[in-house]
Amino acid sequence: ILNVEQSPQSLHVQEGDSTNFTCSFPSSNFYALHWYRWETAKSPEALFVMTLNGDEKKKGRISATLNTKEGYSYLYIKGSQPEDSATYLCAFPGGGKLIFGQGTELSVKP
Amino acid sequence: DVKVTQSSRYLVKRTGEKVFLECVQDMDHENMFWYRQDPGLGLRLIYFSYDVKMKEKGDIPEGYSVSREKKERFSLILESASTNQTSMYLCASSPFIGAGDRGGNEQFFGPGTRLTVL
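Chains as they are written, first to last, in my numbering: chain A, 1 to 110; chain B, 111 to 228.
Treat the hints as calculated values from the structure; they're not laboratory data. The reader is advised that the hints may include incorrect statements.
Derived EDC-like pairs: lysine to aspartate or glutamate, alpha-carbon spacing no greater than 20 Å straight-line [unchecked claim]:
(1) A:K42 x B:E132
(2) A:K57 x B:E132
(3) B:K165 x B:D148
(4) A:K42 x A:E5
(5) A:K42 x B:D136
(6) B:K113 x B:D148
(7) A:K69 x A:E5
(8) A:K42 x B:E140
(9) A:K59 x B:D148
(10) B:K113 x B:E216
(11) B:K113 x A:E5
(12) A:K42 x B:E127
(13) A:K58 x B:E216
(14) B:K113 x A:E56
Non-contacting residues of chain B with respect to chain A, defined by C-beta distances greater than 12 Å in every case (computed) [said to hold, decoys possible]:
(15) Q116
(16) R119
(17) V122
(18) G126
(19) K128
(20) D169
(21) E172
(22) L200
(23) C201
(24) N215
(25) T226
The beta carbon of each residue, even a glycine, is placed where N, CA and C say it ideally should be.
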């Protein structure tokens, strides 16, 4: 059974703080790693789909890195803003479907 | 603009009722998925479908069934709702990329249906 783990489960930061969280996934038979952001009352939306070891992707103040050999990805948010408050999910393809981690719930206080 | 819609945002049903959750996508995607989300458990896959009339069990199919009569529509059915099926239900779709598709394509999600079973 493929297991995708995220840590921490929740995070509370002040506006302006930079933060990061982790996704761990099986390092064998790597295909891709997804990051999604799920804001309250909205649909989850894809942030990044990462496929190459050492890949780094960026969207505004959010960036992600990927280490396929050791099976982890980091998501970084620089200078957190209240609008960054959301649950961040990572997902790993397996058996024709995505296997999601349990998510990191980020709360940014003004 | 890509769109996945779900029939209801909020639904309240009674134990034993038959419940239909409908999902429609307008992107001509082959793959469609039903998830439920519960606190601390992330998104768990209930059923998915690669094509019309095809369905595959996900990780937690017990107590659910699905129907895919048309490409754009994927229905989740609770034959006899129970209180432990109170949850947020999310539908998603993704394109099929051909032979070797391992389910790695970006998924597009609907807004979710929050179902309460009393």
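Now for the hints, and whether the structure bears them out:
For the hint linking K42 (chain A) to E132 (chain B), the alpha-carbon distance of about 18 Å falls within 20 Å, and the restraint holds. With a C-alpha separation of about 35 Å, the suggested pair K57 (chain A) and E132 (chain B) falls outside the 20 Å cut-off, and the hint is violated. For the hint pairing K165 (chain B) with D148 (chain B), the CA-to-CA distance comes to about 23 Å; that exceeds 20 Å, so the pair is violated. This hinted pair does not check out: K42 (chain A) and E5 (chain A) have alpha carbons roughly 23 Å apart, beyond 20 Å.
With a CA separation close to 18 Å, the supplied pair K42 (chain A) and D136 (chain B) stays within the 20 Å bound. Under the criterion of a C-alpha separation no larger than 20 Å, the hint pairing K113 (chain B) with D148 (chain B) is inconsistent with the structure, at around 24 Å. Proposed proximity of K69 (chain A) and E5 (chain A) is supported: the alpha carbons are some 16 Å apart, at most 20 Å. With a C-alpha separation of about 23 Å, the suggested pair K42 (chain A) and E140 (chain B) falls outside the 20 Å cut-off, and the hint is violated.
Restraint check for K59 (chain A) and D148 (chain B): the C-alpha separation of about 28 Å exceeds 20 Å, so the hint is violated. For the suggested pair K113 (chain B) and E216 (chain B), the alpha carbons sit about 14 Å apart, so the restraint of at most 20 Å is met. Proposed proximity of K113 (chain B) and E5 (chain A) is contradicted: the alpha carbons are some 29 Å apart, above 20 Å. Distance check on the hinted pair: K42 (chain A) and E127 (chain B) sit about 28 Å apart at the alpha-carbon level, beyond 20 Å; violated.
Distance hint between K58 (chain A) and E216 (chain B) is fulfilled; the C-alpha atoms sit about 17 Å from each other, no more than 20 Å. At most 20 Å may separate the alpha-carbon atoms for a hinted pair to count; K113 (chain B) and E56 (chain A) exceed this at roughly 28 Å. Taking the minimum C-beta to C-beta distance to chain A, about 9 Å, the non-interface status of Q116 (chain B) is violated against the 12 Å cut. A beta-carbon of chain A comes within 12 Å of the beta-carbon of R119 (chain B); the shortest separation is about 9 Å.
Every CB of chain A is more than 12 Å from the CB of V122 (chain B) (nearest about 18 Å), matching its label as outside the interface. With a minimum CB-CB distance of about 30 Å to chain A, G126 (chain B) clears the 12 Å threshold, and the non-interface call stands. Listed as outside the interface, K128 (chain B) is consistent with that label: its C-beta sits roughly 26 Å from the nearest C-beta of chain A, beyond the 12 Å cut-off. For D169 (chain B), the non-interface assignment is contradicted: its Cβ lies about 8 Å from the closest Cβ of chain A, within the 12 Å cut-off.
Non-interface status of E172 (chain B) relative to chain A is upheld: no Cβ of that chain comes within 12 Å, the nearest being about 17 Å off. Taking the minimum C-beta to C-beta distance to chain A, about 7 Å, the non-interface status of L200 (chain B) is violated against the 12 Å cut. Not every C-beta of chain A lies more than 12 Å from that of C201 (chain B), the closest at about 9 Å, which undercuts listing it as non-interface. For N215 (chain B), the condition that its CB be more than 12 Å from all CB atoms of chain A is violated, with the nearest at approximately 8 Å.
At roughly 17 Å, the least C-beta separation between T226 (chain B) and chain A is larger than 12 Å, which holds for a residue marked as non-interface.
Checked against the numbered hints given earlier, the structure breaks hints 2, 3, 4, 6, 8, 9, 11, 12, 14, 15, 16, 20, 22, 23 and 24 and satisfies all the rest.
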